[in-house]
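K.L.:
Residue strings, one per chain:
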Amino acid sequence: MTERFDQELDWGALAPLRLRARSAAEGLWAGPHRSLRRGAGVEFAGYRAYTQGDDLRFLDRHALMRHGLRVVREFETDTDRSVRLVLDVTASMSFAGSRARGAKLAFAAVVGAALAWIALRGGDRVALEFIGDHGLPLPWGTGMPTFERIVSALEHARAGGSVSPERLTQLVTRLGRSSPAGSITVVFSDFLDLPASALEELGALSGRQRALVAVEVLDPDEIDLPFKGPVRLRALESDLVVDTDAPRARADYEAALAEHTAKWRDGFVARGARFLRASTGEDPGAVVRRVLEGISGAGA
Amino acid sequence: MNFLVAAALAVGALVVLPLVAHFLRRGRAAELPFPPAALVKATQTSTRRERHLEDRALFSLRALTIVGLAVLGATPLVRCSRLSLARGAGGSLAVAIVLDDSLSMRAAPKGKPSRFERARDAAARLLDSTREGDSVAILLAGAPARVALAATTDLALARRTLKELAPSDRATDLAGAVSLARSSFASGAGRERRLVVLSDFAAPAVPAGDPAPWVPLPALAERLPDCGIASAERRGTSVAVTLACTNAEAARGRTLELLAKGTRVAKLGLEARGGVASVSLAVPPSAASPLSLRLDGEDALTEDDTAPVAPDTVGLGVAVLADQTESGAVTGGAPLVEQVIGALERDVTLHPLTVVPDQASELEHDALVLLDDPAGLGPEAREALTTFVERGGLAAALVGPRAEARRIGATLEPFAFGTVRWQLAPAAHGANVASLGWLGAEARSLGELKPQGRTLLDAGHAPGTRVTATWSDGAPFIVDRELGRGLVTTITLPSSVEVSDFALRPGFVALIDHLLDTARRRRGLTTSVAGTTWVFGSERPVIVGPDGPLRLVESPDRGRTATPSLRGSYRLTTERGEEQRTVTLDPQELTLEPSPPPAGARNAGGAPAGQLLDVSAELAYALLALLALELLLRAVRVDARPGFR
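Just so you know, the protein sequences line up as chains A and B, in that order. Residue numbers for the first sequence follow the working numbering, so the first one is 1 and each next one is one higher. Residue numbers for the second sequence follow the working numbering, so the first one is 1 and each next one is one higher.
Next comes chain B alone, as it looks inside the complex (with noise of 0.2 Å):
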């Protein structure tokens, strides 16, 4: 505070002077002259009782014109507790909101709001302090991160979709809402740009960029104590628990209950520590389902003290097709792709295949089927395949020197159309990092593939074939194909190191780890985590979620999706019958604890100064209201003036 504010808020103790005054007069009415005053009788107690009353109208005014007048010369120089936008040359604004969206966000301390509500408050008031012209964009940061309004300065929408925003048990995905939400900036060049990020900061660090990220509740990263059930999955006759504490004091004298058709049948004391804990509670044979969890005693998520039991379910089915002797690794051990699959340590089920089954039953087990270096289809596996594919499977092949050397009558369909041809020493050196963006960071590693040779694809013959990427010359690296509800990829280089070191690279174990991905999804996982997209193709299923039907969203690249956002039990009815999946919480989101927010978050730093608020505006309109009230006050007084009338 300087001393211009200094000065201009001292001003306001003179509202003591209508109080003085006030006193002064108090009990002594207008004195006028009265030569027959003798015959006049006193009355003074009632002249001071009324005099009394009636100045303290005039009173309040005063002494209210007299704060006004301080605060408005203090303005915009006070610091105010309300939140608003700052502006530093009196421009539009480019406001993007960062709300946090995630379960941590639920948790309340007592007596008080939710993060959320809180973080869904402030977000309100900082949109109150938009005006006409000014672009605002809202960034959820539930994971996956994702856009609830688009940059838009249409402010009454803006309000309306937050005040539709409600919180999920989705995990943190605060890194990338940020990135989203500078991304967001983009459209609004030459504003001034305010990144507004209301989150407990219960997740990884936020990265670095401009603008910084400016954290108007930092009391929203108060540590509160949590214990939590993240999952619960039926296995024979016992339950399987994955329990997450964020501290040892949360889950001391805490019991873990197990619960038939709402009766206790089994419990178990909570072991006093911190972090993920995997308990195991036995089924007794009477136990009716449906099966809960309870968690007994109090913490600030209530949400996550109560949770369904998934029924038991098996692994992710995958059957490979790979040959020891080319897709092999040279110290031994199985076919480099199944060495992937089983290093991602995914509940994966693999089914070897030394040839692709005739019959489409035989795969009715399996969300995937890859294949390494095929050397060709006959037409009852082409026939199994197809129909595999189309009940909603992944059929994947890396495609290598073999399917030139394929047998009489075999085709590489579904896969490949037309003419395929094996390519040695292609000009084209690695594949286009830039077309594999959908990959992530290992995408990189393959720009530098130097392979003897590759397959070239004919994709124009296939219908609804996409090119996901490309080679570094243009040509089809990776190919995809929609077939009924399935998806058909097609790679252009196999596995073996002798042909390549594609199977070495990163990016290869990113591209497995990605069609397994693909593969649970469209095959739709019993079990997911809580913010996960469930992909159905053409398939229009009916979705029944904890809070109701769930809609479901066209997607131009995987068709119709739905995200679940809550935890519970799904009952799904599709043409094939009804499905029951359960959605879970991610552990790491009840652990995270919350941290402080970026140095300089606040309000220095480079972030914009958003508690200074400019109401000199609104105060002049006060003082005049004031002025007016006061004239009309004297005007309807003047008759009761003391001495005339």
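Same shape as in the complex, but just chain A (with noise of 0.2 Å):
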């Protein structure tokens, strides 16, 4: 299913690309990202007065000496960074214009994809999570190894069905038990169809230094309603059909999704959480760059 936007996308260029997080990464073993412990870092981050057990070899000799105050020097100590990602995979993600080289899920897949090597690659965790009953979590995990079980679980990937309120509480509450301090959570998802409770419980994975970056993904068709002509239109997760004359339902289409996609980024910003709109028809590299942007302007 991601074969054809994997082909698109140049791993290659995707190499120089880090995670940057604005926020200090809480991970338990060394890694690349700043630390909020201080340890055995290279960078200096200020002095504290000494305490019973400190190691010794941080004491302040020079302020012991000169000034007579038993003070210990602290470093930054860099640490690894916890990456989730989290892809909707309700049927609605199954839809693929008459434009775009693949279905939702595919897109979000290969950029989710892009984000674990690149995440992986730099010595960070990554999981995965699905919204939705068709998909193989996968819990923590660094290297290549975790890299090829991604890759796999995204590829076996498939959209269908919806979600219910009840299972979406469920998924965020342990979604936030197993999120470390520090940690990014990446949802793609095309935030149609969710139960009205998403919003609430998904921008609560945001905050306690948590990061969050929802990336809204839709297809051309979904965007700017090119039917010609009279159309019946069926949701893919409702019963829900409508008859239409597609030219002349096309402007209220417009602001209607406009107004959704308000709605939601509005959710999001106010929780502290970043949002962006990928369409299908993009190149998904860019969208990488897009959501690596996002990652290090979100969270505190």
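Among these hints, one or two may not hold up.
To be verified - Derived DEER-like restraints, expressed as beta-carbon distance ranges:
(1) A:Glu-254 / B:Arg-634: 22 to 32 Å
(2) B:Leu-17 / A:Pro-247: 43 to 53 Å
(3) B:Leu-17 / A:Ala-262: 20 to 30 Å
(4) A:Arg-248 / B:Leu-17: 25 to 35 Å
(5) B:Phe-59 / A:Glu-293: 48 to 58 Å
(6) B:Phe-59 / A:Leu-276: 42 to 52 Å
(7) B:Leu-17 / A:Asp-224: 34 to 44 Å
(8) B:Arg-634 / A:Glu-200: 50 to 60 Å
(9) B:Phe-59 / A:Glu-148: 56 to 66 Å
(10) A:Pro-247 / B:Phe-59: 15 to 25 Å
(11) A:Arg-248 / B:Phe-59: 16 to 26 Å
Stated by the list, open to error - Computed list of chain B residues with no C-beta within reach of chain A, every gap over 10 Å:
(12) Lys-41
(13) Ala-42
(14) Ala-57
(15) Gly-190
(16) Leu-217
(17) Ser-280
(18) Arg-444
What the hints assert, rightly or not - The calculated EDC-like cross-link candidates involving lysine to aspartate or glutamate, where the alpha carbons are at most 16 Å apart (straight line), are:
(19) B:Lys-41 / A:Asp-252
(20) B:Lys-163 / B:Glu-117
(21) B:Lys-267 / B:Asp-296
(22) B:Lys-41 / A:Asp-133
(23) A:Lys-228 / B:Asp-323
(24) B:Lys-41 / A:Glu-129
(25) B:Lys-41 / A:Glu-259
(26) B:Lys-267 / B:Asp-305
(27) B:Lys-112 / B:Glu-222
(28) B:Lys-110 / B:Glu-31
(29) B:Lys-450 / B:Asp-501
Worth flagging that the hints you see were computed from the coordinates, not collected in a lab. As the structure is a computational prediction, the values presented were derived from the model and not from experiment. The C-beta atom is built at its ideal place from N, Cα and C for all residues, glycine as well.
Hey, can you piece these two chains together into the complex? The hints should help.
P.N.:
Given below as structure tokens:
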């Protein structure tokens, strides 16, 4: 499913890209990201009063000998970052319009895989989660074997069905518990036909020193309603069927879509998250860069 | 209709399928998945309306295609109402179209075209179904039957000829036209023959023969009421009128009016009965010429409801020189020649002669001078007779044994030149019937003549002499010679029963009748029936009739002739002055009602099944065009297909 987008993605161009988050990472292992922990780093972080048990190697002997103060020098510890990819696999993500090269889920999977590759190459941890019942979640992992598992899971993901409010609550609760401070959550969804509480639930993944980037994935046909003449439109996650004259309904549709997107954008931004829209007609590499920029500007 | 035709036509019932599909689809647009459907505003009414309009053209095309396929499957077995010529083996056809242009074909049912127009249209449709290589002949059945177009493969010429044909006031000679048509097939050997008759059959029955006639428009024989004025002639202070009605109903309540310069001066109610009737109307002294007649009321034929009144005329003058003792009958009475002329009941004025007049002026009221066994002519008589003939008269002599016993200085000129001998007990028995074909069926009776003698002429000495009949041994029997505007006829046997039974045979009566006819035509008839040929010899008159100038026709044997087809007054201008002639109608043409076409002439019974029409090629082209049109429509609409642009 992801093959067409995969072929279009210039993986070599992604090599110099790194995950950079304004918020401090709270990793368990040493990594390239600034950690809230002070310790055996190389970048000086400041002084603090000596307490019993401190490593005497960091005791500032100059201050002790000159001023009689017992202070220890602290350094920022480089640590790894936790990146969680959350993909919407409800039925609406299976849509592929006349001008798209694939379904929205395929596009999201390629962009997600690229982000995982970037993160894993930087020594970060990556986990995979799905909104819906048609994906196999992956726990935190590092290294290229994890990338292989992620790619496999993405390839086997199928869009279908819908997600209930209860199921979404369970998912968000679980993600909240397992996301360490400084973790980055990237949600790929079209934000269509999700439960009414979805904005509130997903918005909760932002804050508490966690970064959330919401990527609205839409098909070009969904953006401008290109149909001509009378059409009967059927929603994929409900029984809704609409008979309409596309040219006449286009302006109203575009206004309604803009309003819908603004609601989600405003909701996420209000919670400190980043929101961006991606069209499946775009270059996946460009979308990856925009997501990385979003990650850089996200969080505290 | 056999099973195959029924099955093929049943396919046409499938025409309802696109209709059913259309109704099933109507109002339901193409359904497309669209996740943000909830954000789209429904505009249902407009959708249904536009879909309905958009599908109409395609629906029509598909329905037409299915119907075309059904007919294609049934053709050529399907029976179409369009007239066409059937082709048995698919080869070329020899087609003879007999088109009746007689007066009765002018009749028109209320609100419909006349019989002639319908017949001409039918002929045009038949010509449309001919192909290159077919030969077409067009014969006209107005009396006398004639050839409008000899058999030709030039179909464009046939169409032009047909287009120029017009109805006439002639009587009907359908049998003659059919005979002419059959003879026209002689040049079309190897082709399938089609004899098409387009007539109302208001005529004696058509003789049977091969090929049998095909009557594609039997509806022309529909009986239509008509009452008409056949002829009208001024006789002193009255007008003698011949009326003819098809039946009593046609005559009921109608009035005959005499008009003087358009003003009614007398009238007469018609007796309600069919057939021919002669009535007389008194002409008031104050009535001014020209006079005309009018029948009020309506019938199917309006052209015969008015007629001009012919001026006073005298009968055809015939001068007869016959010896009572030699040429008379044993039972007494007038000479046989005079009795025959009287028996023919012609409008003839007889002038018995004792001698041939010395002055031509004495013959100025006569059109025919008939000499029976003359004993030679003196110089004065010869001069008078020659002058008479040169002015257009007909002089005929039945030359017998007295020719040898003529007086000194007397000759038989202008009847015979050179030696004239009376041959006793000739070896030849009877006349050569084949050479007497122009005399009709009665000529056969002259083939059995057993004369005790005959006159031998030296025909070679006279310039312009033409032998028109011979004895069985080839000797001249009847000789004609043009002289001035007139004609001299010499017959080599007298009427005397002592010499032969010539005068007792039907052929003799036919010969006298022929001479009277010739004299009448040469002299010029003041009144004649439409279709009668006027013979002018070397004269070149200018004739103006009801429809303008009348064309003169050059005839090798009769000189210049003209045949008026329409009733009315004709003005002739010759070197001798002006002359008025009146053309009347044949009463029989008005009273003869249409009879049913010959049995089996509609389609079966050996007649070509002309109604079966093979339109496979045309249908196949039409289907191809329909399919191409549908493809074009689809190509044009590919961008407009619901769902994508």
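K.L.:
In this structure, is the beta-carbon distance linking B:Leu-17 and A:Ala-262 contained in 20 to 30 Å?
P.N.:
Once the Cβ atoms are compared, 51 Å apart, the range 20 to 30 Å for A:Ala-262 and B:Leu-17 is violated.
K.L.:
Given the hint that B:Lys-267 pairs with B:Asp-296, does the C-alpha gap stay at or below 16 Å?
P.N.:
Since the Cα atoms of B:Lys-267 and B:Asp-296 sit roughly 10 Å apart, the hinted pair holds (cutoff 16 Å).
K.L.:
Could you grab the alpha-carbon distance between B:Lys-112 and B:Glu-222 and see if it respects the 16 Å cut-off?
P.N.:
Holds: B:Lys-112 and B:Glu-222 sit about 13 Å apart, inside 16 Å.
K.L.:
Measure nothing beyond the straight line between the CA atoms of B:Lys-110 and B:Glu-31; if it is 16 Å or shorter, mark the hint as holding.
P.N.:
violated (61 Å)
K.L.:
For the pair we were handed, B:Lys-41 and A:Glu-129, check the Cα-Cα distance against 16 Å.
P.N.:
Violated: B:Lys-41 and A:Glu-129 sit about 34 Å apart, past 16 Å.
K.L.:
Taking the closest pair, is the beta carbon of B:Gly-190 still more than 10 Å from chain A?
P.N.:
Holds, since 64 Å exceeds 10 Å.
K.L.:
Under the criterion that the straight-line Cα-Cα distance not exceed 16 Å, is the pair B:Lys-267, B:Asp-305 satisfied?
P.N.:
holds (14 Å)
K.L.:
Are the Cα atoms of A:Lys-228 and B:Asp-323 separated by 16 Å or less?
P.N.:
Distance of about 114 Å is beyond 16 Å: violated.
K.L.:
Just tell me: holds or violated, for the beta carbon distance of B:Leu-17 and A:Pro-247 against 43 to 53 Å?
P.N.:
violated (32 Å)
K.L.:
Holds or violated: B:Lys-163 and B:Glu-117, Cα atoms, limit 16 Å.
P.N.:
holds (10 Å)
K.L.:
Can we confirm that no CB of chain A comes within 10 Å of the CB of B:Ala-57?
P.N.:
holds (15 Å)
K.L.:
Is B:Lys-41 within 16 Å of A:Asp-252, Cα to Cα?
P.N.:
holds (7 Å)
In summary, the numbered hints that this structure violates are 2, 3, 12, 13, 22, 23, 24 and 28.
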